[in-house]
Amino acid sequence: MKARRHFLAIAAALAAAAAFAAPAAAQGTIKIGELNSYKNFPAFLEPYKKGWELALEQVNAAGGVLGRKIEVVSRDDNGTPGDAVRVAEELVSREGVAFLMGTFPSNVGLAVADFAKQKKILFIAAEPLTDKIVWESGNRYTFRLRPSTYMQTAMLVPDAAKLKKKRWAIVYPNYEYGQSATRAFKELLKKAQPDAEFVTEQAVPLGKIDAGAVVQAIADAKPDAIFSSLFGPDLARFVREGNTRGLFKDTPVFNLLAGEPEYLDPLKEETPEGWYVTGYPWYGIDTAAHKRFLDAYQKKYNDYPRLGSVVGYATMMTAVEALRKAGSTDTEKLVAAMKGLTLDTPLGPITYRALDHQSTMGAYVGRIGKKDGKGVMTTYTYADGARYLPPDDEVKKLRPAE
Amino acid sequence: MASIVAQFLNGLASASTLFLIAVGLSLIFGVTRIVNFAHGSLYMLGLYAAYSLIDRFGPTPLGFWGGVIGAALLVGALGALVEVAILRRIYRAPELFQLLATFALVLVIRDAVLWHWGPEDLLGPRAPGFAGSVAILGKPFPEYDLLLIAVGPLVLVLLWLLLNRTRWGTLVRAATQDREMVGALGVNERWLFTGVFALGAFLAGLGGALQIPREPAQLFLDLTAISDAFVVVVVGGMGSIPGAFLAALLIGEIKALCIGLGTVTVGGVAISFSKLTLVVEFIVMAIVLIVRPYGLLGKPLAMQRGAGAPVELPARPDGRAMALAGLAVLAALAALPAAGTPYAVVLAIDILVFALFAASLQFIMGPAGMVSFGHAAYFGLGAYGAALLLKRAGLPMEATLALGPLVAALGAALFGAFVVRLSGVYLAMLTLAFAQIVWSIAFQWDAFTGGSNGLVGVWPSGWLSGKTAFYFLTLACVAAGVFLLRRIHFSPYGYALRAGRDSPLRADAIGLDIGRLQWVAFVIAGAFAGVAGALAGYSKGSISPEVMAVSRSVDGLVMVLLGGVQTLSGPLVGAAAFTWLQDTIARNTEYWRAILGATILFIVLAFPQGIVGQLAAWLGSRDRGAPEGMVGWRRRRA
Amino acid sequence: MEAAARMTVLAVENLSKSFGGVHAVRNVSFAVGAGELLALIGPNGAGKTTCFNMLNGQIRPDSGSVRLGGREIVGLAPRAVWRLGVGRTFQITATFASMTVRENVQMALLSHHRRVSSWWPRAARLYREEADRLLERVGMAEQAERACSVLAYGDLKRVELAVALANAPRLLLMDEPTAGMAPKERIALMALTAEIVRERGLAVLFTEHDMDVVFTHADRIIVLNRGTLIAAGRPADVRADAEVQAVYLGSRGHG
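Protein chains in written order, with the working numbering: chain U, 1 to 402; chain S, 1001 to 1638; chain X, 2001 to 2255.
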């Protein structure tokens, strides 16, 4: 009885806290809701946060947009779709944000995208790589910034086909990203080089690669080349084990994402020479747009940017430009503005395609090597995302009708 | 042939690694009966500490090996500190309550590591003298792996000598068999426990530090390591160190075999053994536990509740006052949409869903005495069952809400048949194995379950699409569920269940079929967890495999323990407290994991029987003094 | 009355059990009749408990037969044996610690009336009077509301007796019914048992260390030594038996 009363007290306190603790919104600002899995993927998302905070500071210093300052309400979504949807609900219903942006893992991105569709609120997916978020599960209210798994894979295929290697080994983290990358790579390479064979496929549990055995199994398959979509700790273990066992000596390797500072920097002395990667050589991009970004970033944080920083920065810029173009915080106007929205990012101008809501942001494609004991991209070119998407009629078929 | 030998050696190297991760956990459990969730965190700390020490002293032989040993010693010292400062205070708490404290430590350590070492993966240097490879049958094989292959058995032998050839070891072994006996011998049990915990932590730290040349220090290591460690310890037999070695060998070799086989075509069907690595250790564990209920070399454990553990006092069914109080809570909750903000309603839905989930878990943990580490499987089966029937079979949402839980109940019926043959931690780990197998199916079966991305567009019917309407649906389902569970608790069946837990001997002697009673309890709990899962899916509009991941199961356990495992309102209070705390802390602070962990630690120390359990104990009087419908705790008779 | 004159409730023939080559019980045969108290005695390690556990199905014998009212019960589980009308008390009391005294008895009654599958009614309201009558009979009515976990040991033994009586048994198996009790309590408990046995016409088989209890209350005694039956008969006969005196009474160092 008494304990029950205690429960009652908790319930009441909870209701009261939730009911009355709504923060007072600063008058006249435009509120944007941001959610991400900060504690689950800090290596990417700490720089990401710095990126959007820099952009936010610049925008507000220049007077904001539509004559109002911007306020970002940022939340940790705990890396789970369930919590993310709750956080999104909170941002929408309690904070009254104009729209949502952020997310990192694909399942969280998809969940929030579907929530956006249900709630009829704009969602700018910053980082999720899954093709589905703009294609099979695409919806009217969701737009995605980063080049997808498909696009980044497609960026590597021309170089892969050029080598005319016949026997390919594939290694990938065993979840949707790795599976999609593998599928896309096989499909696109077969198209470019019909005699390609895939002699072994190693699906490793994410974060738990048994690197010795995997390297051995790949070596035993005697491949002419390797395609990998590993990243993070799996990549580091794979690289070290492969170096020790001489797997990469005469076998070229193509590895998605491995040129991103987040994943390349930890390799240091271990960095394999000559791998083909997608990435972000911040030290060598000499466009004016990037230079401005780099200087501002280094000045503010006394640190170099990672790819996450660029994504965060570009996400914030997208939000600002969408508001500017829409001239309003009305969702329908914002959605209309997002379709075909063009803006400048540190990586160059991008457009959010009206067709499938995918931005044309690209990535740098090139090869990696060591410089002063650190991994860097030694040669690279910018691959514009617009050139690595399937033909429009194919995309239309993939995407459900609105 | 050369390939087979090479893969066998790879398996041996993994086995040594697994053994080093697991052996400390086995030792700690064997003596103190603590299920140390933070063991993986200690392993992670070992790796980070070794990285820093080697970085400071340089990768010379002295710097490297000194760094490895130094890191292990540091972690051992931390283990001793944790034991003295925290665990020692709660040895007399109900069974598995220490698990809650170690869970809190996981949260705190994770954030502390992030704060101190930053988010970037840290790949350490190669070991001096063991940097290259040697050719074995023409295949290059890392020298360091050869070293590891030797270190595993070496540690096994040293531990054997320590336990069998020293007085301290004799005492530890005695304590493994009979804790009271050691106390009676006049040995200071406390320091023995501290010593064992420190040694276990040292071994975890050593296991981590020795991985420096093989893997980067990173923030997910705690969870992967703890999962590996538990599997090895349980497969080997809890408390058996040679068993842990054997289990590590078995799992290491089977994994290497799966990877070596890759994709094999049998009769036109391609089977990817490589994909099996996602879950193979859990399949091994399930098979071992079904065949040998105490692991490979384990022995049946003495009762989990040793002397000094509190005994549950008789519960009295709900009287009128209790019914009124229940109605008052219900009325308050019903008034929430009118009185609270829209977000309060959203949060309340989550809390209600978890309350039912936790209540269903309590139903098997409390009256049936079966701890589950895999209860999320049934939450997930309910969610997936409902979502798949909606999306793939096109059934109306209302029907799926009833059928989803049925799917969960069927799953529980199937797995429960095996589970109830076991007891204690073995039982808990078998539930985990089954949960992981179900999870891996949902995770990999892209075409049907949506794979790791899950399913989207799982929204309720139009009339329920408003948050308020859905809230009332949730409230109705949860209130009915909680009421039914309470009712069953006080029914003849509920009594019989409790009888089987209190004294299997006596229950058997008065005609009760305990196995059957427990199996039915498992199915009931599965069905109610399924209701919670189905509601959760529809409240979010999407589901993905994380609804049945280990972390969800652990959350459920934490809620039950937080509230008080032998109280009926405990899980409800625990679910509310945990969900609300997490939401509030995560919203307002950056290092929210650490603060959540610290809060849980505080609750653990201040309420060593769970929130409701402790209140009941404070407020309760002697023989029958437990508040109505509550169960109080008293010390078992000496 | 002689055993032959009573209706035989339990008939044991040639019961044997060995553990790893050691014969714990060898070719033991005896019978218990209705209304009779049969004591099974013997020095420590004589095989009494093994013998006992084979009778209610906890251990399966290697060979031999156990008939209850003419029906073979070897191979049945304890719960099935109970259903045939066998009540059991344990050397170390086994009660349900999370229940009150009355609920312990109610639990047995619920099982007896095959109500343990009902999910709806309040268990505490069922068979309450019946439970109270049984508690009354064993002198525990006043403590019906107390938790079993706080009872004195002698009282727990009485609760066990009430539980064992709940299925209106034909046969009671009592393993060391007075172990751990004060002498006065022992006599009282056995006197009570004997009274109940006579009024209900039960058959009782009990093991006991306390020879006063045995010789005061048993109608007949069988003596086991190293797994073998060495004597059987009325107390006076057994007391006079030379072999019994040699192996057992002469060396009663075990208290």
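Everything labelled a hint here was simulated from the structure, so no lab data went into it.
All values reported here derive from a predicted model rather than from experimental measurement.
Glycine residues also receive a C-beta, built at the ideal position from the N, C-alpha and C atoms.
One or more of the hints may lead you astray.
Label-pair distances were calculated between CB atoms; the ranges are [as the list claims (entries may be wrong)]:
| id | chain 1 | residue 1 | chain 2 | residue 2 | range |
| --- | --- | --- | --- | --- | --- |
| 1 | U | A192 | S | L1137 | 36 to 42 Å |
| 2 | S | F1483 | X | Y2153 | 36 to 42 Å |
| 3 | S | I1441 | U | K339 | 49 to 55 Å |
| 4 | S | L1161 | X | R2060 | 38 to 44 Å |
| 5 | S | L1137 | U | E187 | 47 to 53 Å |
| 6 | S | T1170 | X | R2067 | 46 to 52 Å |
| 7 | S | L1161 | X | S2118 | 57 to 63 Å |
| 8 | S | A1270 | U | K397 | 23 to 29 Å |
| 9 | S | F1483 | X | A2077 | 30 to 36 Å |
| 10 | S | D1446 | U | A386 | 36 to 42 Å |
| 11 | X | E2129 | S | R1320 | 19 to 25 Å |
Verify the CB-CB distance for S:F1483 and X:A2077 against the hinted window 30 to 36 Å.
Given a distance of about 35 Å, which is inside 30 to 36 Å, the answer is holds.
- At the C-beta level, are S:D1446 and U:A386 separated by a distance inside 36 to 42 Å? This hint is violated: roughly 28 Å between Cβ atoms.
**Prompt:** Range hint 57 to 63 Å: satisfied by the CB atoms of S:L1161 and X:S2118?
**Reply:** 58 Å, holds
### Query
So does S:A1270 sit 23 to 29 Å from U:K397, Cβ to Cβ?
For U:K397 against S:A1270, whose Cβ atoms are near 28 Å apart, the range 23 to 29 Å holds.
Is the hinted range of 19 to 25 Å satisfied by the C-beta distance from X:E2129 to S:R1320?
-> Given about 23 Å between the Cβ atoms, the range holds.
- Message: Please check whether S:L1161 and X:R2060 have a Cβ separation lying inside 38 to 44 Å.
- Response: 42 Å, holds
- Item | Cβ separation of S:F1483 and X:Y2153, checked against the hinted range 36 to 42 Å | 39 Å, holds
Is 47 to 53 Å respected by the C-beta to C-beta distance linking S:L1137 and U:E187? Since the Cβ atoms of S:L1137 and U:E187 sit about 38 Å apart, the hinted range of 47 to 53 Å is violated.
Checklist entry - Taking 49 to 55 Å as the hint, is the beta-carbon distance of S:I1441 and U:K339 inside that range? => result 39 Å, violated
Original post:
Using the C-beta atoms of U:A192 and S:L1137, is the stated range 36 to 42 Å upheld?
Top reply: Given range 36 to 42 Å: holds, Cβ gap about 38 Å.
Check: Using the C-beta atoms of S:T1170 and X:R2067, is the stated range 46 to 52 Å upheld?
Finding: 50 Å, holds
In summary, the numbered hints that this structure violates are 3, 5 and 10.
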